[in-house]
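Given chain A, work out where chain B should sit, using these hints.
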Amino acid sequence: MVNIDLMVLAGDYVKTAVISEWKVKIGDSVKKGDVLLVVETNKITQDIEATCDGIVEQILFQEGDDVEISKTVAIIGDGSGFASAPEEKKPAIEITSSEAASVDAGVRTVITPVAKKMAKEKGIDLEELTKMFPGKRIGKKEVLAFEEAPAKEDTIIEKLTVENTAPVEAPAVPVTKIPVKGMRKAVATAMRNSAYSKPHVSMMIDVQLDEMLEMKAYLKNKYPEKRITLTGLLALAVRSALKECPYINGTATEDTIALSSAVNLGIAVDVEGGLLVPVIKNSDAMSGLELFESVNKVAKGCREGTLPPSDYAGGTFTISNVGATGVKYFTPIINSPEIAILGVGASTKEVVLVNEEVRERTMIGLSLSFDHAAIDGSPAGRFLKILKEKIEHPFMIALSL
Amino acid sequence: MSKRFYKDVLREALIEEMERDSNVFLLGEDIEVYGGAFRVTEKLNEMFGPMRVMDTPISEQAQTGIAIGAAIAGKRPVLEMMYMDWIGLTLDQMVNQASLLHYVYDGQVKLPFVMRTQGGARASASAQHSKSLEAWFCHIPGIKVVSPSTPYDAKGLLKAAVRDDNPVLFIEHKLLYGTRGEVPEEEYILPIGKADIKREGSDCTVIATSAMVLEALEAAEELEKEGISIEVVDPRTLVPFDKETVKDSIEKTNHAVIVHEAWKTGGFGGEIAAIIAEEMFDSLDAPVIRLGAKDCPIPYSPGLEPLTVPNKNDIIAAVKKSLQ
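Residue numbers (my numbering), protein chains in the order written: chain A, -4 to 396; chain B, 9 to 332.
Read the hints as simulated data drawn from the structure, not as lab findings. All values derive from a computational prediction rather than experimental measurement. Wrong hints could be hidden among the right ones.
What the hints assert, rightly or not - So the derived list for chain B, only partly shown, Cβ under 10 angstroms to chain A, looks like this:
1) Q116
2) T187
3) D256
4) N262
5) E286
6) M288
7) F289
8) D290
9) P295
No residue lacks a Cβ here, since even glycine has one placed at the ideal position from N, Cα and C.
Extracted from the complex, chain A is given alone in its bound form (with noise of 0.2 angstroms):
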């Protein structure tokens, strides 16, 4: 004999479940995997199957009850007791009530009254408290032991946080406590999803930034009536470099890598309070000029508040620019379900060695984070290797497609 639960639900702080509907009705010969009932809970609806072949011999909750999932709402035996007459149910109800009887008494959990008041005082949860001592008389030694277990581990955490921010000993320290919402709460959201669910790795590499800066300054002597800003000229060779290798172009979920045609590059962009990444469309179908004006604008429009939410979609990689900060490397988040994202460092002038002699040179740090799930690390180094060459060699930009 077999009971039927609903254990199966267990997890994701399930507790109840109501049924929906049975499928079986006692005396029914079913077989293992067989649907025997369906059931809701807050969060899906759920096909409960037969664990073995058999015959159904009692049914114990209806449909609409709310049943807790440790319950046995179903036996499945092989039927004997009344197998010559299961349509008269008496018997059969009579034989198994006094089993379920009997299967309810053997769970039952004592607590003593002393327990069950402490329990009450510290807020422990009884359900929680008998879970930790299955099968044994709870009393006040269990109380007290249940109290000082390190049960959970964001308790811990919690305790850890509150001894290193308030000793015990030292006097109370002022604490700032600011709530996590609004765009805070966004960013939280989607660096944790992105953090925790794409495998990340971080690569750094240092590019002589002088022809680039040549660049720029003949570009601002040329039309000195626009903007032209290093991170749109980097802008600019990232396009090009992706456009050589659009296996980093696009986004990847569990199930799919979809790599874009168009290039939807994201700037990373400070606002009070939080971090926003516009999103300028289509990038690799602009001018350069066109381009730097994108980047400029949308930074701007992000500053500003002007941009209407679809500007903040679509992005197929992310540039995020730390350089004035005098940070020259570090791990940035990628912008999830982006592939990857480029950190821009600070420019800093080196000692470097050109031909065996020693020379001046500007050179700027490049940290790409990549989702290792969607590819792997050469393909990942060969993508920074051509946009260094890029920066080092803006003419090389002009070589791509």
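Chain B only, in chain A's frame:
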């Protein structure tokens, strides 16, 4: 303070009260010339004369009736009932007269009457001289029931009983007369209705009465060696019963063992257990355990008698069971 015998301080209490109040007088079997079966009234006849220390015939009902009548008339009789085993003969006087008269006469009479008696086993005194029948009287409203376990309590409570305007059954114990304890030189009186914690502890409350307090204290010594701390609560007075002290103790320990020499079935321990269940349920971490005499006559045989009444080993086992 000096160490004094239980029987001697009882005698002293009587002397002090008789000297203080000329209405106090003693009556009972063999108390006058013989000085009492347990020597509590020894030579009191020489001090106070035959009008205040009276031998009576062997008629328990008559003795009780005389005492009740004298109390109604304004005297303060202290009757010695030699063995508690014979107290059944006083029942009609106690249950239909002493306990009721103040009520039925609408407060016009007072019953300042003390019946001193002694009970308990373990002296090979035989089945007719070893019983503990306090529960009979605890059942009757209108009678106070006092049961001291130490010389200090005995003296302070006997003086309180003599001064009380209600019938008081004052239960001594044949094994306690020869025990000694610290008693102050100066006069003192203890309140009737107040329990005493004879030993503080944290793991289990042992509520013990009369001579069982001594067993509980010995059990406490042994349990302490095993790291178990028991609190010994001596109610001292069964009626009125000090619930508060018991409650405070059980709130601390969450475990209760009750021990008395009276038979377990129908014993006052059942009443205490019921009070705990009714009023202190939420403090319990284990079922209340009662220890009492086995439900059989108390044997004369020194080999059998110790097997019928609880002892320290039973208390130790009960405490351990409660703490399991």
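Under 10 angstroms, Cβ to Cβ, is where B:F289 needs to be relative to chain A, so tell me if that hint holds or is violated.
This hint holds: B:F289 lies near chain A, its Cβ roughly 5 angstroms from the closest one there, short of 10 angstroms.
Identify whether the interface hint at B:N262 stands, where standing means a beta carbon of chain A within less than 10 angstroms of its own.
Status holds, d = 5 angstroms.
Does B:D256 meet its interface restraint, that is, does its C-beta lie within less than 10 angstroms of any C-beta in chain A?
violated (14 angstroms)
For the hint on B:P295, does the least C-beta distance to chain A fall short of 10 angstroms?
Status holds, d = 9 angstroms.
Close enough to count: is the Cβ of B:M288 nearer than 10 angstroms to one in chain A?
holds (9 angstroms)
For the restraint on B:D290, tell me whether the closest CB of chain A is nearer than 10 angstroms.
holds (4 angstroms)
Closest C-beta approach of B:Q116 to chain A relative to 10 angstroms, hint status
violated (47 angstroms)
Proposed interface contact between B:E286 and chain A, which counts if any beta carbon pair is under 10 angstroms
violated (12 angstroms)
Supplied contact hint for B:T187, tested at 10 angstroms Cβ to chain A:
Status violated, d = 36 angstroms.
Consistency with the previously given hints fails for numbers 1, 2, 3, 5, ordered from lowest to highest.
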